[in-house]
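Below are the chains, spelled out letter by letter.
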Amino acid sequence: SQTIHQWPATLVQPVGSPLSLECTVEGTSNPNLYWYRQAAGRGLQLLFYSVGIGQISSEVPQNLSASRPQDRQFILSSKKLLLSDSGFYLCAWSVGYPTDTQYFGPGTRLTVL
Amino acid sequence: SQQGEEDPQALSIQEGENATMNCSYKTSINNLQWYRQNSGRGLVHLILIRSNEREKHSGRLRVTLDTSKKSSSLLITASRAADTASYFCATDAKSSGDKLTFGTGTRLAVRP
Numbered sequence: 002s003q004t005i006h007q008w009p010a011t012l013v014q015p016v017g018s019p020l021s022l023e024c025t026v027e028g029t030s031n032p033n034l035y036w037y038r039q040a041a042g043r044g045l046q047l048l049f050y051s052v053g054i055g056q057i058s059s060e061v062p063q064n065l066s067a068s069r070p071q072d073r074q075f076i077l078s079s080k081k082l083l084l085s086d087s088g089f090y091l092c093a094w095s096v097g098y099p100t101d102t103q104y105f106g107p108g109t110r111l112t113v114l
Numbered sequence: 010s011q012q013g014e015e016d017p018q019a020l021s022i023q024e025g026e027n028a029t030m031n032c033s034y035k036t037s038i039n040n041l042q043w044y045r046q047n048s049g050r051g052l053v054h055l056i057l058i059r060s061n062e063r064e065k066h067s068g069r070l071r072v073t074l075d076t077s078k079k080s081s082s083l084l085i086t087a088s089r090a091a092d093t094a095s096y097f098c099a100t101d102a103k104s105s106g107d108k109l110t111f112g113t114g115t116r117l118a119v120r121p
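Heads up: the sequence lines are chains E and A, in that order.
Heads up, the first sequence is in our numbering, so the first residue is 2 and it goes up one at a time.
Heads up, the second sequence is in our numbering, so the first residue is 10 and it goes up one at a time.
The hints are simulated quantities; they were obtained by calculation from the structure and are not laboratory data.
Each residue gets a CB set at the ideal place from its N, CA and C atoms; glycine is no exception.
Accuracy of the hints is not assured; some may be wrong.
What the hints assert, rightly or not - Simulated restraints, written as ranges between beta carbons of each label pair:
#	chain 1	residue 1	chain 2	residue 2	range
1	A	N27	E	T11	35 to 41 Å
2	E	G53	A	N27	41 to 47 Å
3	E	T112	A	D16	46 to 52 Å
4	E	E27	A	D16	33 to 39 Å
5	A	P121	E	S30	40 to 46 Å
6	A	K103	E	S85	48 to 54 Å
7	A	T76	E	G17	27 to 33 Å
8	E	G55	A	N47	40 to 46 Å
9	A	K103	E	P107	29 to 35 Å
10	E	S66	A	G25	47 to 53 Å
11	E	S30	A	D16	26 to 32 Å
12	E	E27	A	G25	38 to 44 Å
13	A	T73	E	S21	42 to 48 Å
Model the full assembly from the supplied sequences, consistent with the hints where possible.
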């Protein structure tokens with residue numbers, strides 16, 4: 002069966018510090034991968050998605066970046082965090098067409114102070 | 010931009026009652042999905058309904074889609090305290106390319 006992992010589960014970082022969130026998927030090959038951010042009590046905002054290794058599409062211009070160094074690994078990064086980067090970050094995967102069913106990881110709660 | 014908007018924003022019912030949540034969207038879609046999110050957790054897929062379908066069932070869940078009104082509803086019958094969660098609709102709009110657009114969600118509280 003397929004599983005998706007995210008770490009860390011929670012993170013508290015000072016403004017201006019770097020960020021690296023990792024997501025890995027097991028049990029499937031060549032998945033579509035997604036990074037979303039969810040502000041408190043709000044819906045999901047798509048940040049990045051990838052349909053293959055090295056292929057990254059950015060949805061929102063900001064100080065975040067994403068990379069896909071391996072087929073089932075998706076990394077969200079920042080060189081300098083802003084207060085507005087605080088939120089709940091969710092990784093998801095899907096197979097086939099990108100808008101079919103998506104399967105979400107447990108999320109990372111990021112607080113920037 | 011926000012494609013799906015859920016209504017109501019919050020709903021509180023007694024265990025055993027039915028819960029109905031609605032989702033309205035703006036542009037033509039290929040499919041519409043409903044997801045559930047327990048507090049502080051990831052989203053879990055519930056149902057996908059395609060634009061040429063009008064109704065789908067899964068256990069205690071019933072989803073309807075009215076493309077002429079650009080709306081969908083999620084009905085949870087005989088609710089349980091464990092159904093307490095936020096429920097989101099997500100649309101695959103023809104104009105949005107290869108991505109889902111999520112609504113802001115309905116927070117459902119089921120009182121035991």
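Going down the list of hints, with the structure as the test:
1. N27(A) - T11(E): 35 to 41 Å: 36 Å, holds
2. G53(E) - N27(A): 41 to 47 Å: 44 Å, holds
3. T112(E) - D16(A): 46 to 52 Å: 31 Å, violated
4. E27(E) - D16(A): 33 to 39 Å: 38 Å, holds
5. P121(A) - S30(E): 40 to 46 Å: For S30(E) against P121(A), whose Cβ atoms are near 44 Å apart, the range 40 to 46 Å holds.
6. K103(A) - S85(E): 48 to 54 Å: 32 Å, violated
7. T76(A) - G17(E): 27 to 33 Å: Given a distance of about 48 Å, which is not inside 27 to 33 Å, the answer is violated.
8. G55(E) - N47(A): 40 to 46 Å: 34 Å, violated
9. K103(A) - P107(E): 29 to 35 Å: The hinted range 29 to 35 Å holds for K103(A) and P107(E), with Cβ atoms some 32 Å apart.
10. S66(E) - G25(A): 47 to 53 Å: At 49 Å between Cβs, range holds.
11. S30(E) - D16(A): 26 to 32 Å: Since the Cβ atoms of S30(E) and D16(A) sit about 40 Å apart, the hinted range of 26 to 32 Å is violated.
12. E27(E) - G25(A): 38 to 44 Å: Since E27(E) and G25(A) have Cβ atoms about 39 Å apart, the given range 38 to 44 Å holds.
13. T73(A) - S21(E): 42 to 48 Å: Check passed, 43 Å falls within 42 to 48 Å.
When the structure is compared with the earlier hints, violations turn up for hints 3, 6, 7, 8 and 11 and for no others.
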